[in-house]
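Novice: In order, the protein sequence lines correspond to chains U and B.
My numbering puts the first residue of the first sequence at 43, with every later residue one more than the last.
My numbering puts the first residue of the second sequence at 18, with every later residue one more than the last.
Hints are computed from structural coordinates only; laboratory data are not their basis.
Careful, some of the hints might be misleading.
Said to hold, decoys possible - For the chain B half of the interface with chain U, some residues (derived, Cβ under 7 Å), not all of them:
id: 1; residue: 121
id: 2; residue: 161
id: 3; residue: 163
Said to hold, decoys possible - Reference listing, derived: stretches of chain B covered by chain U, where coverage requires no fewer than 3 residues with Cβ under 8 Å from a Cβ of chain U:
id: 4; stretch: 140-154
id: 5; stretch: 168-179
Claimed, not checked - Calculated cross-link-like contacts (lysine-lysine; reagent style DSBU-like; alpha-carbon spacing at most 30 Å):
id: 6; chain 1: U; residue 1: 60; chain 2: B; residue 2: 61
id: 7; chain 1: B; residue 1: 65; chain 2: U; residue 2: 226
id: 8; chain 1: U; residue 1: 226; chain 2: B; residue 2: 61
id: 9; chain 1: U; residue 1: 76; chain 2: U; residue 2: 86
Where a beta carbon is used, it is the ideal one built from N, C-alpha and C, also for glycine.
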Amino acid sequence: MPENATATLAAYEPIAGKSVVDELRQLAGRLAGKRILMVNSTRKGGGVAEILIRMVPLLAELGLEVRWEVVEGSEPYYKVTKKFHNALHGAAELFTQEMFDLFLEVGRANAKRIPLEADFVFIHDPQPLPLVEMRKRHPSSRWVWRCHIDVSRPNQAVWRFLQPFILQFDAAIYSTPAFAQPLKMRQVLIPPSIDPLSDKNRDLPQEEIDAVMRRLEIPRDRPIVTQVSRFDRLKDPVGVIEAFKRVRRSVKCRLVLAGGPATDDPEAEEVLGLVREQAKGNPEIHLLMLPPDSNIEINALQRASAVVVQKSLREGFGLTVSEALWKGRPVVASAVGGIPLQVKHHHSGLLVHSVEGAAYAIRQLLGNPAYAQRLGENGREHVRENFLLTRHLVDYLLTCLTTQYADETIFLDGS
Amino acid sequence: MGEQASAVTGTPAAAVPKPFQFRTALVLQESTGLRASTLVTLAKLLRKVPDSCVYYHTHHFVLEHHYLTPEPTNDFAYWVGEIFGDETLGELLASVDIMEYTALQGLREVLAGTIERYIKEHPATRIKFAPSGREFFFIKSVHVIMPTPYTVSTLAEFAQALEQVSLHSLYFHIFDARLRLGRPTNDFSLWLTEQLGLKALGESVAGLNPYAHTLQTLRTILLSLIREAAAHA
Chain U
43 MPENATATLA
53 AYEPIAGKSV
63 VDELRQLAGR
73 LAGKRILMVN
83 STRKGGGVAE
93 ILIRMVPLLA
103 ELGLEVRWEV
113 VEGSEPYYKV
123 TKKFHNALHG
133 AAELFTQEMF
143 DLFLEVGRAN
153 AKRIPLEADF
163 VFIHDPQPLP
173 LVEMRKRHPS
183 SRWVWRCHID
193 VSRPNQAVWR
203 FLQPFILQFD
213 AAIYSTPAFA
223 QPLKMRQVLI
233 PPSIDPLSDK
243 NRDLPQEEID
253 AVMRRLEIPR
263 DRPIVTQVSR
273 FDRLKDPVGV
283 IEAFKRVRRS
293 VKCRLVLAGG
303 PATDDPEAEE
313 VLGLVREQAK
323 GNPEIHLLML
333 PPDSNIEINA
343 LQRASAVVVQ
353 KSLREGFGLT
363 VSEALWKGRP
373 VVASAVGGIP
383 LQVKHHHSGL
393 LVHSVEGAAY
403 AIRQLLGNPA
413 YAQRLGENGR
423 EHVRENFLLT
433 RHLVDYLLTC
443 LTTQYADETI
453 FLDGS
Chain B
18 MGEQASAVTG
28 TPAAAVPKPF
38 QFRTALVLQE
48 STGLRASTLV
58 TLAKLLRKVP
68 DSCVYYHTHH
78 FVLEHHYLTP
88 EPTNDFAYWV
98 GEIFGDETLG
108 ELLASVDIME
118 YTALQGLREV
128 LAGTIERYIK
138 EHPATRIKFA
148 PSGREFFFIK
158 SVHVIMPTPY
168 TVSTLAEFAQ
178 ALEQVSLHSL
188 YFHIFDARLR
198 LGRPTNDFSL
208 WLTEQLGLKA
218 LGESVAGLNP
228 YAHTLQTLRT
238 ILLSLIREAA
248 AHA
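Could you put together the complete structure from these sequences and hints?
Specialist: The following block contains the structure:
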């Protein structure tokens, strides 16, 4: 269990604002006693489980009867769902009829096993989609498909297979409009969120930051530029090194590339090899291979950085950007995926499109600490308003409530 | 108060002032599925999307970036200037003063008209496209409006509640009331004038340009106007 799974709503008041938490409680009051069922594919690991672990107890505290169920399957089933996941992201994958049959067979077995009685059923991602076939047994339930992945350019074979299930839902939720597919149903937009009380994001005393930096053997003699990302071609670590080398011609600084290996990426070793090659013999470039639960280390690294970079070539939502902004760090990030929602260019960070652009932006921020600080402060406020767990909870409750109305303006007076 | 004329303005107050119920609006975003990668499509879609869509793209930055002064421009101006890469048109769209419009139809007309005129004057812009994935996505908003625990009957109570309510509540009464709900001015001004008979204060509140301030600053300005009026009462 994560360290803060039992954090109560009151703990979020000083962070998100009392009035925000009060409104959350008030909104939940409109749904008191309603049954919410969350279904996803795993209880541990991955962003969805990470959010549900924290969200489910808070929904219960808000007076909802909330249950979290997980689909179960065999190893071959998980291989198929992994291929589905990649294909929905647009990867070229080959599928056989047996794979589709297995997906359906396991999905239907789970539909029989999982009690589906609820007022609102949230199905997360594609794995539990076949459960919706059972919705006719629960006619008063509202069903929502929460799609966490970018399905803007899906493999058509998989999309055509899944679409008949998706169309049985009352609404779909996407993280950004760019990730959506045109569908004849309500399409709600709910970005993901960070938990300000988690080890990855909570305030750290300076001594703890210093201790982590000593342990990681990163000297503090000059400003640190950091990118936290797995060593994946799409995160462009080589591009970050190139940008750093350009900056280093005129500004003394260090670069930290911190992340784990991309275990499911066949190119991972090759990318890591390229990165090592590029960094070779340069004592100012620090490559850190961190284990998956290095939350405090990442927190400290981001807080100790003068600039945080996210120079991805393609990105999902890119929540590492919000993590850095929440720590008041100035951010230089590529304008891809969900990043432009998190960074308003020149207001809460700098958006870039190339190695040269990244180098220029990093130089600007290192050369003008007051400007960098202002961007960082704005970024923190932007995250406070838009990307904290409390806002995510509000959006889920609003989704439940609004499935019962057709209007665009809903007055809840007197009910 | 009752039938008495206000000492400040001479405007009669309501016989029994109707209490002011502070409400709050929580906003859920929805995709319309419509997107534009060219100026021609942007103008065309702008003319046909629902009012809630026009409202969203000219107002959501107020809440999302309420900590910034000056606040970023409306979404159309931002997209055209920063993403589509036409600074001149971006500037023209940013210069549209939302305060001049009391209905969304007028605002829609001026925004779409500005883009259409610009295309006519600069035909080369017809063949320019926004980068893939950075098109203009039309979003609409669903507003859920709830009462807050604050119901007030006097100016003093009003000021006290104004200090406490959320920024969402402030946003609802100032921005939503006027353009989304089609009221002649913001809710505060209406109540102060019609129920408390404080015409001068009501006019001052109506005359504020809320787009020029952060929500927190707006709250501070409103409170100082009220305190000033109370001191003269």
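Novice: Now tell me, hint by hint, if it's right for this structure.
Specialist: These are the hints, each one checked on the structure:
no., hint, verdict
1, 121, "12 Å, violated"
2, 161, "5 Å, holds"
3, 163, "5 Å, holds"
4, 140-154, "holds (count 4)"
5, 168-179, "violated (count 0)"
6, 60(U) to 61(B), "43 Å, violated"
7, 65(B) to 226(U), "18 Å, holds"
8, 226(U) to 61(B), "21 Å, holds"
9, 76(U) to 86(U), "26 Å, holds"
When the structure is compared with the earlier hints, violations turn up for hints 1, 5, 6 and for no others.
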